[in-house]
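Residue numbers (the working numbering), protein chains in the order written: chain A, 1 to 198; chain B, 199 to 448.
Warning: the hint list may mix true and false statements.
Claimed, not checked - Taking CB as the label site, the calculated pair distances span:
{"id": "1", "chain 1": "B", "residue 1": "Ala241", "chain 2": "A", "residue 2": "Met36", "range": "31 to 37 angstroms"}
{"id": "2", "chain 1": "B", "residue 1": "Pro244", "chain 2": "A", "residue 2": "Met36", "range": "40 to 46 angstroms"}
{"id": "3", "chain 1": "A", "residue 1": "Ala171", "chain 2": "B", "residue 2": "Thr436", "range": "41 to 47 angstroms"}
{"id": "4", "chain 1": "A", "residue 1": "Asn164", "chain 2": "B", "residue 2": "Asp372", "range": "39 to 45 angstroms"}
{"id": "5", "chain 1": "B", "residue 1": "Thr271", "chain 2": "A", "residue 2": "Ala7", "range": "31 to 37 angstroms"}
{"id": "6", "chain 1": "A", "residue 1": "Glu90", "chain 2": "B", "residue 2": "His422", "range": "34 to 40 angstroms"}
{"id": "7", "chain 1": "B", "residue 1": "Glu441", "chain 2": "A", "residue 2": "Leu44", "range": "55 to 61 angstroms"}
{"id": "8", "chain 1": "A", "residue 1": "Pro120", "chain 2": "B", "residue 2": "Phe365", "range": "35 to 41 angstroms"}
Said to hold, decoys possible - Residues of chain A placed beyond 10 angstroms of chain B at every Cβ, according to the derived structure:
{"id": "9", "residue": "Ile64"}
{"id": "10", "residue": "Pro76"}
{"id": "11", "residue": "Ile95"}
If you are wondering where the hints come from, they were derived from the structure by calculation, not from laboratory data. Treat the numbers as computed from the prediction; the structure is a model and nothing was measured. Where a beta carbon is used, it is the ideal one built from N, C-alpha and C, also for glycine.
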Amino acid sequence: MKALPEALQQLIQAFSRLPGIGKKTATRLAFHVLKMDKEQAMELARAIQHVKTNIRFCSICYNITETDPCPICRDPLRDKSTICVVESSEDILLIERTNEYKGLYHVLGGALSPLDGIGPEDLRIKELLNRLTPEVKEVILALNPSTEGEATAIYLARLIKPLNIKITRLARGVPLGSSLEFVDELTLSRAIQSRDEL
Amino acid sequence: MSQVIKSPALVVHTRRWSESSKIVELFTPHGLVRLIAKGALRAKSPFRGVLEVLNEIEAVWHVRETRGLQILTQATLLNSFQDIRGDLEKTAVAFAMLETLQKLLRSGEAFPAFYAYLVQLFEKLNKDAQTPPVLYLWHFLIRFSDELGFALQLERCSVCHQVPQEFPVWFRPDTGAVVCGKCASPTESTPYVELAASEYRLLTQLQRMEYPAPSVPELPHQMHRITGFLLKHLAHHTDIPLELNALKWL
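Sequences and hints are given; from them, build the entire structure.
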């Protein structure tokens, strides 16, 4: 590594901090940046800077946004009677891609995980409860199907139930295109529990 | 030379490692084991759904002394304790037990009998719809203190060695012993905890029981107080502060 100029070494180190990027890939990427024309490289640098300076949290749903409130909270066509609770902003992206959901969102910022020191006060639970006005008729708990996600869902359900708001959660079961042979027992048992009537 | 170990295990904690792998912490009859489950986050991974906290699994891992972190090669689900997961109090109590293990045990310390006890305790907690879940936590804490070598001495007064007849009695978190009303006075500077007759009977009964049962007397009002001094006793002897995050849910 000593043969490489200091600036290039720094870039390799920066790339190797990204998820899924090892030292070899980081070196390849750094050399690619070196070969880029100056304007392209500056564009990349500006995009990174822009993301870090202009992206913030929506003050209503805590999704990442450039404008506050975020485009989803501002959209008059969204169904304001339904709030879908997710763990992170990436989950909103996934649900939006389905084109199935037209309501609002609330980003909790994680799930209860006592062994990681994450308790109710570390999540945006108070903010969610403040949003539950009489206009809200349903809260969908779209949390990860992990032990921590489930515990968070039960915890939230306990807080929301007295407000007489319908609480639902995502169904779990066999993935499309899969075969029962390859489905784990836990998923299969959940699929049986949340079976549909035909 | 590598050695293959096949063992039942309880999943205590998992965390993401690199793009698609997980580091899993397991409580096994061999003690606490930390392993890497390569590709566990991939959609087609055989570990998917198996390496969830609270699950009892059968794990197979390869031990190579030159490697810092051993590799989990197979995991099969034995019990997912569905009814614990469906109940917030039961989940909090089970998490509190795992949190205690994670904080107090060091890897390499084997606890085969305690492992068998804990799996049984989870099975009973899973099925039990009558006993308040917190009794399971107290039973666990009493048994765990015993396992670590500083059992509670509740049956007789540690000064006069008589079975306490007058109440309240006084519990000392540092010694884990009770002192009867005749031998101790509440004005003493030692950190005594007052135990009412009902609390004393409940704890002695729990200590005698193999597992908690609905037949235990009525629950005292200040449940957190009892959990607090049982934890204080463990913390005193291990020198590790024990504030369990899971109990904040209750």
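Taking the hints in turn, this is what the structure says about them:
1. A C-beta distance of roughly 34 angstroms is found between Ala241 (chain B) and Met36 (chain A), which places it inside the suggested range of 31 to 37 angstroms.
2. One distance hint, 40 to 46 angstroms for the beta-carbon pair Pro244 (chain B) and Met36 (chain A), holds here, with the actual separation near 41 angstroms.
3. The supplied range of 41 to 47 angstroms is met by Ala171 (chain A) and Thr436 (chain B), whose beta-carbon atoms lie about 44 angstroms from each other.
4. Between Asn164 (chain A) and Asp372 (chain B) the Cβ separation comes to about 50 angstroms, which falls outside the hinted range of 39 to 45 angstroms.
5. The beta-carbon spacing between Thr271 (chain B) and Ala7 (chain A), approximately 43 angstroms, falls outside the hinted interval of 31 to 37 angstroms.
6. Separation of Glu90 (chain A) from His422 (chain B) is about 37 angstroms and conforms to the stated range, judged on CB atoms against 34 to 40 angstroms.
7. Against the hinted window of 55 to 61 angstroms, the Cβ-Cβ separation of Glu441 (chain B) and Leu44 (chain A) comes to about 46 angstroms, which falls outside the hint.
8. In this structure, Pro120 (chain A) and Phe365 (chain B) meet the distance hint of 35 to 41 angstroms, their C-beta atoms being roughly 37 angstroms apart.
9. With a closest Cβ-Cβ approach of about 20 angstroms to chain B, Ile64 (chain A) is found to remain outside the 10 angstroms limit, as its non-interface label requires.
10. Non-interface status of Pro76 (chain A) relative to chain B is upheld: no Cβ of that chain comes within 10 angstroms, the nearest being about 37 angstroms off.
11. Chain B leaves Ile95 (chain A) outside its interface by the beta-carbon criterion, the shortest separation being 18 angstroms against a cut-off of 10 angstroms.
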